[in-house]
Amino acid sequence: DVKVTQSSRYLVKRTGEKVFLECVQDMDHENMFWYRQDPGLGLRLIYFSYDVKMKEKGDIPEGYSVSREKKERFSLILESASTNQTSMYLCASRRDRFTEAFFGQGTRLTVV
Amino acid sequence: ILNVEQSPQSLHVQEGDSTNFTCSFPSSNFYALHWYRWETAKSPEALFVMTLNGDEKKKGRISATLNTKEGYSYLYIKGSQPEDSATYLCAPLTGGSYIPTFGRGTSLIVHP
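Those protein sequences? They're chains A and B, same order as listed. For what it's worth, our numbering labels the leading residue of the first sequence as 39, then goes sequentially. For what it's worth, our numbering labels the leading residue of the second sequence as 6, then goes sequentially.
Keep in mind the hints are simulated off the structure, nothing from the lab. None of these values were measured; they are calculated from a predicted model. Wrong hints could be hidden among the right ones.
As the list claims (entries may be wrong) - Derived CB-CB ranges, DEER-like:
(1) 78(A) <-> 75(B): 38 to 48 Å
(2) 52(A) <-> 19(B): 42 to 52 Å
(3) 135(A) <-> 70(B): 21 to 31 Å
(4) 6(B) <-> 137(A): 22 to 32 Å
Stated by the list, open to error - Lysine-lysine pairs mimicking BS3-like chemistry, simulated, CA-CA at most 30 Å apart:
(5) 95(A) <-> 109(A)
(6) 93(A) <-> 47(B)
(7) 41(A) <-> 47(B)
(8) 95(A) <-> 47(B)
For glycine and all other residues, C-beta sits at the position ideal for the given N, C-alpha and C.
With these hints in hand, go ahead and build the complete structure from the sequences.
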């Protein structure tokens, strides 16, 4: 089975902190994604990576950056956390553009 | 940002009822459509990957149809059970993009 693992299930950070959300997949998938999920808004794409060191901005990239130095790991970085970044963050991966995505368990981030 | 509509937003049914949901999306440059089930405290899991106009997919009591010309897909659940309670998400890959855009989901609650 494909496994997508996010480093934390729950996280509380202070405003202004730099925050790293880590995601690792174990199936050699090419593509990886970061989404955030807010009540009533559904899953919104923050960043997408189609290969190592390759990334594309999604619909809501402002305030975020990403890093993909190795194929299995895709990190989401909040450069200076703000309260409006309090959300559920979901990482996903897929083998290629022809296949479905596999999701991590989510990280519920609270910025205080 | 693509406009992906799912209806209804939420649904309460009794055990044994059959139900269906709708996903509508822009039909221009359609590539594929995914359906996911997202149970509380779990990760979203793929139900179906659909690509062809007229596609019908089935998994147990759950089935889905696809109309790419008019831009909609239906998900049917026959004889709903409490374990079917979840949020059902559709994610078309359309408008020339190979990145799935998620609808806001339909929340289904099946009462015993």
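Hints and how they fare:
no.: 1; hint: 78(A) <-> 75(B): 38 to 48 Å; in the structure: 27 Å, violated
no.: 2; hint: 52(A) <-> 19(B): 42 to 52 Å; in the structure: 47 Å, holds
no.: 3; hint: 135(A) <-> 70(B): 21 to 31 Å; in the structure: 23 Å, holds
no.: 4; hint: 6(B) <-> 137(A): 22 to 32 Å; in the structure: 23 Å, holds
no.: 5; hint: 95(A) <-> 109(A); in the structure: 18 Å, holds
no.: 6; hint: 93(A) <-> 47(B); in the structure: 27 Å, holds
no.: 7; hint: 41(A) <-> 47(B); in the structure: 13 Å, holds
no.: 8; hint: 95(A) <-> 47(B); in the structure: 26 Å, holds
Hint 1 from the list above is the single one not met by this structure.
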